[in-house]
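Peer 1: The primary structure of each chain is shown beneath.
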Amino acid sequence: MTATVAPAATGPGGEVMAPRLFRVVGTRLDTADTVTLALAALDGEPLAFAAGQFTMLSVFGVGEVPISISGDPADPTVLHHTVRDVGGVTRAIVRSGPGDVLGVRGPFGTGWEVGHGEGGDVVIVAGGIGLAPLRPAVLELVARRERYGRVVLLYGARTPTDVLFEPELDAWRDRFGVDVVVTVDYGQPGWAGRVGLVTGLIARAGFDPSRTVALSCGPEVMMRYVAAELLDRGVAADRIRLSMERNMVCGVGLCGHCQLREIFTCVDGPVLGFDRLRPLMELREV
Amino acid sequence: MSAGPLGELEFFHGLEPGLLAVLADLGRDVTLEAGQVLFREGDPADRFFVLRRGRVAVELHDPVTGSHVVDTVEDGDAVGLSWFVTGTTWVFDARALAPTDVVVWDGVRLRAAFDADPALGYAVTQRLARVIYQRLRAARVRMLDLYGARR
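Those protein sequence lines, which keep their order, are chains A and B.
Going by the working numbering, the residue at position 164 of the first sequence is 164; the numbering climbs one at a time, nothing skipped.
Adding 286 to a residue's 1-based position in the second sequence gives its number in the working numbering.
Simulated from the structure, these hints should not be mistaken for laboratory data.
Hints are supplied without guarantee of correctness; some may be wrong.
[What the hints assert, rightly or not] Which bits of chain B does chain A cover? Going by a derived footprint, with three or more residues having C-beta under 8 angstroms, they are:
1. 346 to 357
2. 417 to 431
[To be verified] Residues of chain A clear of chain B, computed beta-carbon distances all greater than 12 angstroms:
3. A41
4. V59
5. P219
Note that the Cβ used here is the ideal one computed from N, Cα and C, for glycine as well.
Go ahead and model the full structure; you've got the sequences and the hints to work with.
Peer 2: Here's what the structure looks like:
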């Protein structure tokens, strides 16, 4: 597949390493440790992006991290990032409030290319915070719902209180006919939903593997099992797309921190076909 | 009383019709209300269940923190494996989370049928082993806490 991505936005003077300034215009607490920020560019220029792309998001004086865009590609005027506090820079990001100014480089990388699934079924498998990079893809799907067959979203979270975008999951199910299935690793008392691995849901998902495109984002171990299960079900490797979120630092293929052997995941990825990833994911050293 | 046809159930997928008929003859269909208990930890493990429809929670009870769901099983899944080992007791509770139709077998009679017909016993044992393998693998992966602090 050929990547179709929005051009990388540049900072002052067209320099990709210089961040543009964005002001926090809204925050939403998604879970105890995860926040979605709405950001607007100080210069007023929208930031066009493709579903699946990421930016390098910085807090001045603290640092910079790669964060996938979780907003709607149809609305580039507001940039949404869903960020989990795992310490350091991400802690400073989630503590940002309205009026604070953050730095943004990008968008960078490849997208989900949801349109490749038109005319067939789409299976989306998300794990944990991995639902955030998939949200733009789901928004594209539901915006053109009539062009797709079955759309299945299988989502694994740690506990029921870690489930992201719960009201939206209901809306996607009820208003757009998306088969949303949620499972958790640890069912808290009172939880009447599913408990178990997200990979265990694939066998029941009821899609036509010969005309299915699958998108997955989550821990790499999870994605390895997801890809194996999808292959077992008959989905072709080049129709399984995974988001490989390695340690991006420059975001533009210069530094090599995110390298997966010959692949620079910041420019060749983060979204890559499993036909390309398979030999690498089978290598323990990579 | 015997159970209805079993061939559509995922657990029995691929089993030859003659063996399915023997198993159907030994089983019976039961409907459970949401909240109804299939078995409790510590009770004799004397029955085997396969779900036709619905959802069952496998739970571990803690006197202080309450019941914790460790797994859920759904249509076509087997629940309750301890009966296969003679003289054991259940190590978890199992409770229907929704209206649930199950096929239930008496464990002693089922093991006797396996002794009498090793082909039947081997065919079912293969399927039990697959369930055990899948659940052991899932439990080990979940131990990694993949969705925890580091994605």
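Peer 1: Far enough from chain B: is every CB of that chain over 12 angstroms from the CB of A:A41?
Peer 2: holds (28 angstroms)
Peer 1: Examine the stretch 346 to 357 of chain B: at least three residues should have C-beta closer than 8 angstroms to a C-beta of chain A.
Peer 2: holds (count 7)
Peer 1: Quick one: work out the minimum CB distance from A:P219 to chain B and report holds if it exceeds 12 angstroms, violated otherwise.
Peer 2: violated (4 angstroms)
Peer 1: Examine the stretch 417 to 431 of chain B for residues whose CB is less than 8 angstroms from any CB of chain A, and state whether their number is three or more.
Peer 2: Coverage by chain A holds here, the residue count being 6 at a Cβ distance below 8 angstroms.
Peer 1: Does the claim that A:V59 lies outside the interface with chain B hold up, using a Cβ gap greater than 12 angstroms?
Peer 2: Its Cβ never comes within 12 angstroms of chain B, the nearest being 19 angstroms, so this holds.
Checked against the numbered hints given earlier, this structure breaks only hint 5.
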